[in-house]
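Please put together the full structure from these sequences, using the hints given.
Chain by chain, the residues:
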Amino acid sequence: MPEPEYVALNRASWTLANAEYTDRAAREAWAQDEIVWGHWHLPERELGVLPDVSGKDVIELGCGTAYFGAWLKRAGARRVVGVDLTPAQLDTARRMDEEFGLGLELIEANAEDVPLPDESFDLVFSEYGASIWCDPALWIKEAARLLRPEGELVFMRGSTIRILCLPDEGPATDRLLIPQKGLYRIDWQEGDMAGADFHPPTAELFAILRENGFELVDFRELYAPDDAVDHEYYAQPSADWARKWPAEEIWRLRLRSS
Amino acid sequence: MADPTVEAWTRANAEYTDARAEEAWAKEEIDWGIWHVPESELRALPDVAGKDVVELGCGTAYFGAWLKKAGAARVVGVDPTLAQLETARRCNEQFGLGLELVEAYAEDVPLPDASFDLAVSEYGASIWADPYKWISEAARLLRPGGELVFLRNSTLVILCSPDEDVPATETLQRAQFEMHRFEWPDEGVEYHLSHGDWIRLLRANGFEILDLIEIQAPEDALTHKRYDYVSADWARKWPAEEIWVARKEA
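If you read the sequences in order, they're chains A and B.
All residue numbers for the first sequence refer to the working numbering, where the first residue is -19 and numbers rise by one.
All residue numbers for the second sequence refer to the working numbering, where the first residue is 146 and numbers rise by one.
Among these hints, one or two may not hold up.
Here are the computed lysine-lysine pairs in the BS3-like style, where the Cα-Cα straight-line distance is at most 25 Å [stated by the list, open to error]:
{"id": "1", "chain 1": "A", "residue 1": "Lys161", "chain 2": "B", "residue 2": "Lys370"}
{"id": "2", "chain 1": "B", "residue 1": "Lys370", "chain 2": "B", "residue 2": "Lys382"}
{"id": "3", "chain 1": "A", "residue 1": "Lys161", "chain 2": "A", "residue 2": "Lys224"}
{"id": "4", "chain 1": "A", "residue 1": "Lys161", "chain 2": "B", "residue 2": "Lys382"}
{"id": "5", "chain 1": "B", "residue 1": "Lys214", "chain 2": "B", "residue 2": "Lys172"}
{"id": "6", "chain 1": "B", "residue 1": "Lys172", "chain 2": "B", "residue 2": "Lys370"}
{"id": "7", "chain 1": "A", "residue 1": "Lys224", "chain 2": "B", "residue 2": "Lys382"}
Bear in mind the hints are in silico, worked out from the structure with no lab data behind them.
Below you can see the structure in the form of structure tokens.
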């Protein structure tokens, strides 16, 4: 499959983000013992949204510096493969993997077209990876292909309400600035960076998931905790906004066996 | 009558729903919500031929009438507002459709377990009954493999609705966090949950979620003359209504 044009833009923006932030943030993330979710670092032990990963084969689509994959490996996954399309991010991930000796497999590829065999994983995972940077019509189909029957798909993305309230620049407002009608691909530009991400509304994304054989197991809307403070790097909704409205959401699905 | 919701619907029946019940019952095509989007476009319902159906919060029971005409074996309409059931009974006699009409709250239905194949609610229990009570009743009333289909307002339109009785705005008027029970002026008590809470509630009651349809007002839609909580223009840009389709696990 030829590389869609947004892939190069996203690679460039993540190369820059790696130089500015994610490379230096990687060691602390890898070193962390606890699995946490999203910008507010909500602990998995409170959310309980992941299946038991002990002995499971896991693939992370859009792994970035692969800290989440590292956490899953430490939580008992048998095999963890991280897929990402930005070499700089994978370089950081490889350096960390060597340092921490966790034995992740790291592959440079677009999650819309993964060079791995069918039915080779028990869990497909994405935290702000393919879940927002890839076309859902393509990457969810790949996720279904990579999973064994009854395998699970867990991913996090920004909430639809946050997207609807986003101005051209800066954090989410309390106003509906973007119509939901036609919402799917969002082209953006911020300073030197440009790219595209994908955000079909809840019903459209659910329809794509059903078409690809997934059954919805759980869906969590995440709010900022009372003591949350604004993130140092990511242009997030303010902690105050995210206490009132969910800025992030986690989907958990199971591939139907038939 | 102490119940503010029953009071509000008794008033609404005298002002509006009684007078338009015959017209609604007479319609041949099933449609959804205030924009009358046809079922033939949305395809939210399973085939009802030969099925036993309960409508939770039936009002004047026009939706149940459509399902009976579409081939349902048995249609039971449940509503707590006597005035609306009287209108429904008058129409039922006039149209000879043989609906059964029961005065009860959808949170506590005096009918046996596992006696229906389909539970529906269109602006009924779906917004005027507490989901933490009526969803478990729907699960109890359904046979294994039975389906639950309901239409409610979108979470977004509720978030954008001011406390006063004016149409939805383009500004978030209230927090979504822990949203549940709403008292509007002169409108009774409504219940609105976020998507996450709906999904978890349905799953906890043994439902598989088959579909979620966010309804868009058609291009030629005009703002509804009575149900003017949202303008047609707003509802073309953002969904003001949504339909959930779920199946009770066998």
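Verification of the hints:
1. A:Lys161 - B:Lys370: Satisfied, since the Cα-Cα distance of roughly 24 Å is no more than 25 Å.
2. B:Lys370 - B:Lys382: holds, 19 Å
3. A:Lys161 - A:Lys224: Holds: A:Lys161 and A:Lys224 sit about 24 Å apart, inside 25 Å.
4. A:Lys161 - B:Lys382: Roughly 5 Å separates the two Cα atoms, so the pair holds.
5. B:Lys214 - B:Lys172: holds, 10 Å
6. B:Lys172 - B:Lys370: holds, 19 Å
7. A:Lys224 - B:Lys382: holds, 23 Å
Comparing the model with each earlier hint shows no violations; every hint is respected.
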